[in-house]
Each structure stands twice: as structure tokens, then as C-alpha cells.
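J.: As a plain string of letters, each chain reads:
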Amino acid sequence: MQEKKGLHPAIACAIMVVMLCCALLMGANKGWTKEKTPVDTARSELMETVQARIETAYNLLTVAGRYMSRDDALYAAMQQDLTSMEKGKENLRMISMEQFSSDAKALLSALSARPEVQSDSRDFMYVSQMLPQAVEQCLYGTAAQNYNAAAQHYNDRMNSFSGLLARLTGVKQAALFTEE
Amino acid sequence: MKKRAVAYILALVFALAAVPALALSSINSQRVVYDDASVLSDSLEADIKALNEKAEDMDVRFAVVTRHFLGGADAQAYCDRLHSEYPDNGDLVLLLLVIGEERYAVTAGERVLKAVSLEQVNTLLSGKLRSAYLEERDYDGAVGQFFLAMAEQVARAKNVSLRTSGLFGTEKQAAADEEKNTIFDNWSGQWWSGFFAENVDESSYSENSTTEYEYYYEEDDEGFSVGKMIFIVIVLMWIVRRRAKNGKSGLGLMGWMVAKRGIDEAMKARNTNRRYTRPRR
Chain B
1 MQEKKGLHPA IACAIMVVML CCALLMGANK GWTKEKTPVD TARSELMETV QARIETAYNL
61 LTVAGRYMSR DDALYAAMQQ DLTSMEKGKE NLRMISMEQF SSDAKALLSA LSARPEVQSD
121 SRDFMYVSQM LPQAVEQCLY GTAAQNYNAA AQHYNDRMNS FSGLLARLTG VKQAALFTEE
Chain C
1 MKKRAVAYIL ALVFALAAVP ALALSSINSQ RVVYDDASVL SDSLEADIKA LNEKAEDMDV
61 RFAVVTRHFL GGADAQAYCD RLHSEYPDNG DLVLLLLVIG EERYAVTAGE RVLKAVSLEQ
121 VNTLLSGKLR SAYLEERDYD GAVGQFFLAM AEQVARAKNV SLRTSGLFGT EKQAAADEEK
181 NTIFDNWSGQ WWSGFFAENV DESSYSENST TEYEYYYEED DEGFSVGKMI FIVIVLMWIV
241 RRRAKNGKSG LGLMGWMVAK RGIDEAMKAR NTNRRYTRPR R
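Here the protein sequences line up with chains B and C, keeping their order.
Just so you know, the working numbering puts 93 at position 93 of the first sequence, and the rest follows in order with no gaps.
Just so you know, the working numbering puts 129 at position 129 of the second sequence, and the rest follows in order with no gaps.
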């Protein structure tokens with residue numbers, strides 16, 4: 001009776017190692033993707049703040065456009081801020097809060113001082129009450145700090161063996177939010 | 001413990017993120033005014049509701065939303081999105097006024113667009129809303145004029161009579177018209193207008209009609225008025241005199257029938273302008 005031939009031990013060992021590696025890589029990928037959830041959540045909060053700033057800039061320009069030329073320095077500065085914010089939304093590079101704040105406030109005070117704005121009750125209410133409040137609201141907040149803290153913590157923890165495996169499978173480190 | 005805290009924070013964040021979605025999905029189909037910009041009066045809401053009740057048979061209803069700004073969003077896209085959030089929106093005409101941006105948009109349901117084309121809607125916007133909205137900033141007036149014109153346009157397209165007097169500040173105009181009519185009636189003789197007076201009972205509309213639009217009218221049964229009697233007596237006297245001239249006496253059975261038929265036809269001809277049409281349900 002012929003004895004049944006088994007799998008060569010070396011091949012079996014190699015298959016086992018391959019399967020083990022696959023399991024490790026898959027586990028690392030899954031684990032670190034899950035670990036990124038708080039970072040993604042903080043990012044979506046940050047994006048809401050950024051979006052609020054963009055919308056406020058649009059609203060400022062809408063009112064300013066009724067009274068100012070597009071070549072006006074204050075109008076042009078706000079337009080540039082808006083363009084910069086829209087471009088930087090994806091790569092998390094944004095103009096500084098201080099710059100946006102000073103440009104917005106300068107534009108609002110220039111508008112408030114204009115007699116034609118003062119004589120228009122609706123627009124005067126916008127430039128003296130509603131829009132300044134909107135600017136203040138979108139300036140203050142901890143969304144950027146929270147996001148950067150979560151992203152930094154995640155990146156630090158990724159400097160480990162499992163993090164290295166995760167990076168091999170395409171999991172990326174979190175980009176930090178920067179203001180220029 | 002740490003995981004639980006993270007889970008709680010996540011749940012809170014997702015709940016906060018869901019607030020704008022809830023704000024849209026919580027649109028109540030019965031509510032006709034969402035005045036976020038606080039520029040519309042309470043009476044406008046009552047008038048829109050009254051108009052919606054009157055226009056119910058025409059399969060059209062109206063609602064208005066106001067905002068100060070849209071933050072760079074497209075007004076028409078925003079209006080379309082709000083319209084889609086309304087339950088059963090096929091008959092809905094939704095008007096969006098963006099006060100601070102001086103923009104407006106209208107979205108009409110597919111059942112409304114079968115009766116009124118987009119071009120007609122745009123014409124009505126230009127003619128009835130634009131000036132009052134942008135130049136006079138009479139937001140109530142702009143909304144009222146546009147909705148009235150839109151309702152009348154749908155009524156014409158569906159060949160339905162719509163009575164809108166008293167809505168959206170048209171009360172004063174209606175009162176002035178009434179006064180003019182009264183003066184005219186007094187001058188021309190009150191008894192004559194009473195002669196043609198009649199009520200139309202909408203409830204007499206036949207639900208089993210096989211035609212899409214059914215003409216109907218119904219005379220009220222108030223009996224003969226003094227005016228009617230005088231008129232009939234004059235007509236009959238005239239017929240009797242003519243017959244007497246021809247050597248015949250009395251009115252005769254045929255004469256009576258012809259006289260009755262003639263009067264009936266005269267009444268119908270007078271009623272033609274007051275016919276009602278309603279869509280088959």
C-alpha cells in the first residue's frame with residue numbers, strides 16, 4: 001500500500017509565514033484606520049469652522065459689493081482671503097485667523113462709516129450687527145487646536161511596528177492644520 | 001473607561017453634525033412660511049394658508065422661505081434642495097428670498113409645471129415680484145403679488161375659477177371695487193341687478209363626471225323676484241298684443257312655452273360668464 005505524500009514542511013512553513021504576514025498587515029490596516037476615527041471627527045469639526053469663515057467672507061463681499069469697487073483695497077484683500085481659504089480647504093493650509101479677522105473688521109468699519117450704508121437700514125444692520133457677530137463666532141473656537149492635538153497624537157502613535165505595517169498598506173499619517 | 005469616553009464624545013459630535021440635516025428633514029408640510037430673516041408679517045402667513053385652501057382643488061400650494069445670506073451657495077440649488085425636503089412636493093410652489101443677497105428663486109413641483117411653464121413662472125417673477133422685492137423692499141407685497149399671479153395663472157391653465165379678493169391686502173381694492181359697483185347698481189336700477197342675481201353652488205359639482213373638466217352652473221331656488229315678475233309680465237303683454245293685432249286672442253300653449261324657453265335661454269346666456277370649471281377628481 002502506497003503511503004500518502006504530505007505537503008513538504010518547508011512549503012507549509014512558507015505558506016504559514018505568508019499567511020501570518022498577510023494577517024498582520026490586514027490587522028494593522030484595520031486597526032489604524034479605526035484609530036483614525038477621532039482624527040477624522042476632529043477634522044470634520046474643523047472643516048465646519050473653515051466653511052463658516054468662507055461663508056462669512058462671501059457674505060461680507062456680497063454687502064461690500066453693493067457699495068465698493070472690486071478694485072478697492074479692502075474689498076480685494078477680503079477677496080484674496082476668500083480665494084486662499086477655498087484653495088487651502090483640502091490641504092489644510094489656511095490664512096491666519098488674525099489676518100482674516102483684521103481684514104474683515106477693516107472692511108466692516110469702512111462700510112459702517114459710509115453715509116449710503118448708514119442710510120440703508122437693512123445693510124447698516126448687516127455691517128454693524130449681524131456680520132461682525134458672524135466674524136467673531138467663526139474666529140473663536142478650539143476646532144483647530146483639537147484637530148492638531150488629535151492628529152499629532154495619532155502620528156506619534158503611528159511610530160510603532162504596527163504603524164509601520166499600516167503605512168505599508170497605505171494608511172497615511174494625519175496632516176496638520178497650518179495657518180500662514 | 002477611556003474608550004467609553006471617546007465613544008460618548010463621538011456620539012455627541014455625530015449628534016451635533018446631524019442638526020442641520022434634522023433642520024431640513026423637520027420641514028412641516030402644513031407650515032407655509034419659514035421666515036428666518038424676520039421680514040414677513042404674520043398676516044402674510046394667514047393669507048398664504050387661505051390661498052392654499054382656495055387653490056386646493058387646482059392641485060397647487062404655496063410656501064415661502066427667507067434667509068439673510070446663503071454664504072456663496074447657489075440660490076436655485078438651495079431652493080431645489082429645500083423643495084425636495086417637503087413631503088409630497090408635486091403641487092408645491094416654493095419661493096426663496098435671500099434678503100441680504102437680493103436674490104430669489106422659485107421651485108415648482110412637477111404637477112404645477114404641467115399647468116404653468118418655467119418661462120411663465122419667470123415672467124411672473126419679473127412682473128410681480130422683482131420690483132416690489134428689490135426696489136420697494138415690500139417683502140409681503142412681493143410674495144403676495146407673486147403667489148396671487150401664480151395661482152391665477154394655474155387657474156387659467158386649468159380653466160378653474162379662483163376667488164382671491166381680500167387676500168394679500170387686496171381687501172381695500174376689493175372694497176373700492178364693491179363701492180364702484182354699488183354706485184353703478186343704484187344708478188342703473190337695483191331691481192335689474194336683482195333680476196339676474198343668482199348663487200352658484202359648488203357642491204353641486206358631479207364627482208362622477210367622465211370629462212376632465214366639467215362645466216356646471218346652478219340657479220338658486222329663490223322663487224320669482226318682483227323684477228322677474230315685471231319683466232315676464234311685460235314680455236307676455238307684448239306677445240299678447242302682437243297676437244291680438246293678428247286677430248288672435250290669448251297667449252296660447254305654444255306662446256307660453258316659447259316665452260318660458262326664451263327667458264331660460266336669456267338667463268343661461270347671462271350665466272355664461274359665471275360658469276365654474278373644476279378638475280375631475
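Bear in mind the hints are in silico, worked out from the structure with no lab data behind them.
Treat the hints with care, as some may be off.
[What the hints assert, rightly or not] Short, incomplete list of chain B residues facing chain C, as computed with Cβ under 7 angstroms:
no., residue
1, Glu-35
2, Asn-59
3, Thr-62
4, Phe-124
5, Tyr-154
[Claimed, not checked] Okay, the calculated beta carbon distance ranges per label pair:
no., chain 1, residue 1, chain 2, residue 2, range
6, C, Asp-88, B, Glu-90, 48 to 54 angstroms
7, B, Ala-149, C, Arg-111, 25 to 31 angstroms
8, C, Asp-80, B, Thr-142, 48 to 54 angstroms
9, B, Asp-40, C, Ala-50, 47 to 53 angstroms
[Claimed, not checked] Sample of chain B residues facing chain C (criterion: CB under 7 angstroms; computed from the structure):
no., residue
10, Tyr-58
11, Tyr-126
12, Glu-180
Predicted, not measured: the structure shown is a model, and the values here were computed from it.
Every residue gets a Cβ at the ideal spot worked out from N, C-alpha and C, and that includes glycine.
J.: Are any of the numbered hints broken by this structure? If so, which, sorted upward?
T.: Violated: hints 1, 4, 5, 6, 7, 8, 12.
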